[in-house]
Amino acid sequence: MFKLLKRGSDLIGTLSYGVLFLTFIFQVILRFVFNKPLAWSDELIVILYVFSMFWAGAFLLKEKDHVMLDLLYEHLPPQGKRIFSILYSLIIGGLFLWAVPASYSYVSFMMRESTPVLGIPFGIVYAAFVLFLLSIGLLYIRKLIVLFGPNWHKEVGVTTHDSHNAESVE
Amino acid sequence: MSNALIIMLAVMGGTMLLRAPISFGMLAGGVAYLIAKGQDIGLMAEQVLNGLYNSYVLLAVPLFILAASIMNAGAISERLFAMAIALVGHFRGGLAYVNVIVSVIFSGMSGSAIADAAGPGLVSIRMMTDKNRFTPEFAGALTACSSTIGPIIPPSIPLVIYALVSGSSVGALFLAGVIPGFIMALSLMIGIYILARIHNFPREERPKMADIPRIVAQGFLPLTLPIVLLGGIYTGVFTPTEAAAVAAMHAIILTLYYRSLSWQRMWHVLQESLRQSASVTLIVASAFIMNYAIAAEQIPDLVAHWFTQHEFSKIEFLLLINVIFLILGCLLDTSTMLLVLVPLLIPAAKLLGVDLVHFGVVVVVNMMIGLVTPPFGMLLFVINALTGTSLKGMIRQSLPFMILLIIALLVMTLFPQTVLWLPQSMGYVTQ
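If you read the sequences in order, they're chains V and S.
Under the numbering used here, the residues of the first sequence are numbered 1131 to 1300, in order.
Under the numbering used here, the residues of the second sequence are numbered 276 to 706, in order.
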């Protein structure tokens, strides 16, 4: 069941990213080959962009995919790593969940406004952000539970800096 | 500075040091700021979402990442090597020159130093260490240094983000990066020339003269992309964002032509690029709330005021910024510096009459050097993870190249014309 959900969310994220790209190509071709500018394509691209980035942030990215600074962390003994992880999981998880209700009410307020060309309510375009906050908040709660349990070794033993970790802005 | 701002910076800096993902730290800092200020927390959602929705230029980032991933997966860089070896392989230390030349060519297609190191860089290291031609440490160090050219020669992801935070033109920034990129390549080659004589580096066999045109022709096809890209942007046929889409399309057509990528693999590449794009975009999006708070507290004006009060000249300002950024570059990652520190300095730069395009190229070159400086040198980490080469050894070997790159940076700082000549000659009006 969980695997199915995971696969479904992977599919939704990757598809929206793929469609974003194809729309872009389509737009460039129409504009320069047939000299026909499109009004809806720019909007669709931005909508897919906002959606797919937060969707991926919520469901596709693992913690090690993010840019992290392990200047201090990597030199710590396991117990130190555990304490670090507990501290930041508490702060991030807590503040993210704190922000969920207000963000939800902002996003649902934005249901009243629609994008100018396609008429899609902003509430839908922005919904992935609330999912993102909620999902990350809950992930850190889960991480905290693991860190306080007997299997905490596994949680702090993750190595960072693999080949596709941290595609920062460089 | 209000208490709320201090709380925000403490949450952000604190979680960052604890090793929380940087984007999460910024968002959490934003939430803490709004709580401390007693403002509506929904403001964070508003700032982040509207900020991202209105940053059309940022779309270039996922597209350039996709283009680079396709090119790496489609083994396009391998074809460039054959060409570069045919041209310069017979020099003393031939493969080291090849490393730099391929970096230059590849940077005309990719906008990320990491993509550069993980793609052609890795191929280059394998070649250089084959039959013990070079030590792995030297090959790794040189690759890390040559990868820094990637985001200087257009396209460039950090320059796109700089355009976003500074409001300058992406086209002008891209043009401005061309000559500095070549200056960096040249300074690395000077280093190779000297080291090759000291250490008696090996040469490659020269291919038969009759074969050279064929080898060059094969490597030439990928070379058409930078020409199309730059040509398109210069002539205004397409915007830099559209250029990014064209780049990705070009990469797909090439891989189809070479038949080097299956559909299944393509899907995988798409998913991988989405991950990378999301991790960059989340940082940029999170920075919107940070910058909202920083602007609300009028910090950039305070910084500008401080610089004018102390009567800094343009050059003094740029040199001071360079020193600060070189030091911070050892400790911080590029995105934090670009998104949090650079916006603080923009008003000061404007007030002192520093051209924002010149400033942008200088800080981005500076930050790329920061990618190789320990303890936090992302490029060194990537190469270490991919090849298992010792960090210590690479750091030692990279020293002469770092000095040369810093000299190159100094030249760009002191002589703005090296940066601005090309965009000016294409019609960009400087301050």
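These aren't lab readings, by the way, just hints derived from the structure by calculation.
Just so you know, not all the hints are guaranteed correct.
[Said to hold, decoys possible] Using C-beta positions, here's what the derived DEER-type ranges look like:
{"#": "1", "chain 1": "S", "residue 1": "Glu572", "chain 2": "V", "residue 2": "Lys1136", "range": "38 to 46 Å"}
{"#": "2", "chain 1": "S", "residue 1": "Gly628", "chain 2": "V", "residue 2": "His1283", "range": "22 to 30 Å"}
{"#": "3", "chain 1": "V", "residue 1": "Leu1168", "chain 2": "S", "residue 2": "Leu595", "range": "29 to 37 Å"}
{"#": "4", "chain 1": "S", "residue 1": "Asp576", "chain 2": "V", "residue 2": "Glu1243", "range": "31 to 39 Å"}
No experiment lies behind these values; they were computed from the predicted model shown.
For each residue, glycine too, the CB sits at the ideal point set by N, CA and C.
Hints, verified against the model:
no.	hint	in the structure
1	S:Glu572 <-> V:Lys1136: 38 to 46 Å	42 Å, holds
2	S:Gly628 <-> V:His1283: 22 to 30 Å	57 Å, violated
3	V:Leu1168 <-> S:Leu595: 29 to 37 Å	47 Å, violated
4	S:Asp576 <-> V:Glu1243: 31 to 39 Å	32 Å, holds
Hints 2, 3 from the list above are not met by this structure, while the remaining hints are.
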